[in-house]
Amino acid sequence: LAKTTQPISMDSYEGQEVNITCSHNNIATNDYITWYQQFPSQGPRFIIQGYKTKVTNEVASLFIPADRKSSTLSLPRVSLSDTAVYYCLVGDSGGYQKVTFGIGTKLQVIP
Amino acid sequence: GAVVSQHPSRVICKSGTSVKIECRSLDFQATTMFWYRQFPKQSLMLMATSNEGSKATYEQGVEKDKFLINHASLTLSTLTVTSAHPEDSSFYICSARDDRRSSYEQYFGPGTRLTVT
Chain A
17 LAKTTQPISM
27 DSYEGQEVNI
37 TCSHNNIATN
47 DYITWYQQFP
57 SQGPRFIIQG
67 YKTKVTNEVA
77 SLFIPADRKS
87 STLSLPRVSL
97 SDTAVYYCLV
107 GDSGGYQKVT
117 FGIGTKLQVI
127 P
Chain B
3 GAVVSQHPSR
13 VICKSGTSVK
23 IECRSLDFQA
33 TTMFWYRQFP
43 KQSLMLMATS
53 NEGSKATYEQ
63 GVEKDKFLIN
73 HASLTLSTLT
83 VTSAHPEDSS
93 FYICSARDDR
103 RSSYEQYFGP
113 GTRLTVT
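Chains A and B are the protein sequences, given in the same order.
One gets our numbering by counting positions in the first sequence from 1 and adding 16 to each.
One gets our numbering by counting positions in the second sequence from 1 and adding 2 to each.
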């Protein structure tokens with residue numbers, strides 16, 4: 017299982033774009049990169065998943081460089097409700113695959 | 003779609019008693035479900051992998067006789083904390099993989115807050 021490294025915490029003002037970078041130097045060829053969001057006392061919620069280049073959905077973008085040793089979650093124009101812990105995970109796309117959560121990044125959005 | 007429920011959402015029990023937590027995939031089948039534990043201000047820690055029709059696989063350091071897992075159907079897995087003690091107080095979260103999808107994306111339940119007094 018590829019290990020991930022993220023900043024422990026980040027602060028941002030409302031309306032700003034937030035970029036959270038995750039390092040995964042030992043990512044395997046079959047591994048996908050997935051980001052989850054967790055609010056206090058709730059289960060994690062899927063945000064976005066990608067393999068390479070750029071992926072965008074209605075809530076975020078995921079940028080993955082060619083070497084795939086890192087990835088950046090981009091949240092456009094954050095609001096107070098985006099205050100949460102964000103986890104970056106890597107793992108095989110197919111079949112049974114357990115994942116290991118790192119410590120995550122605590123994002124605090126400031127009014 | 004892809005909703006996972008847990009019951010109960012919170013439970014308080016006395017030390018020495020057993021507590022059962024249910025995890026259900028509401029609109030998909032899940033051969034594989036996972037159980038996590040999360041202590042305050044910490045990350046999720048995988049406890050075990052639950053496979054329908056077979057024995058669960060426990061992570062190192064997790065007592066299989068204390069945390070009994072039963073995955074009797076493709077939509078239900080249960081975690082029973084036996085002879086609970088105050089140190090078992092934690093937030094227990096389950097997740098499930100959709101058998102129809104090739105992605106390993108996991109759908110998480112809302113969690114169960116266990117307090118042992």
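It is possible that some hints are incorrect.
Stated by the list, open to error - In silico SDA-like cross-links for lysine to any residue, where the CA-CA straight-line distance does not exceed 20 Å:
1. A:K114 to B:K66
2. A:K122 to B:Q44
3. A:K114 to B:T84
Note that these hints are calculated values from the structure, not bench results.
Consistency of the hints with the structure:
1. A:K114 to B:K66: Holds - the C-alpha atoms of B:K66 and A:K114 are around 18 Å apart, at most 20 Å.
2. A:K122 to B:Q44: Status holds; Cα separation ~11 Å.
3. A:K114 to B:T84: 24 Å, violated
Hint 3 from the list above is the single one not met by this structure.
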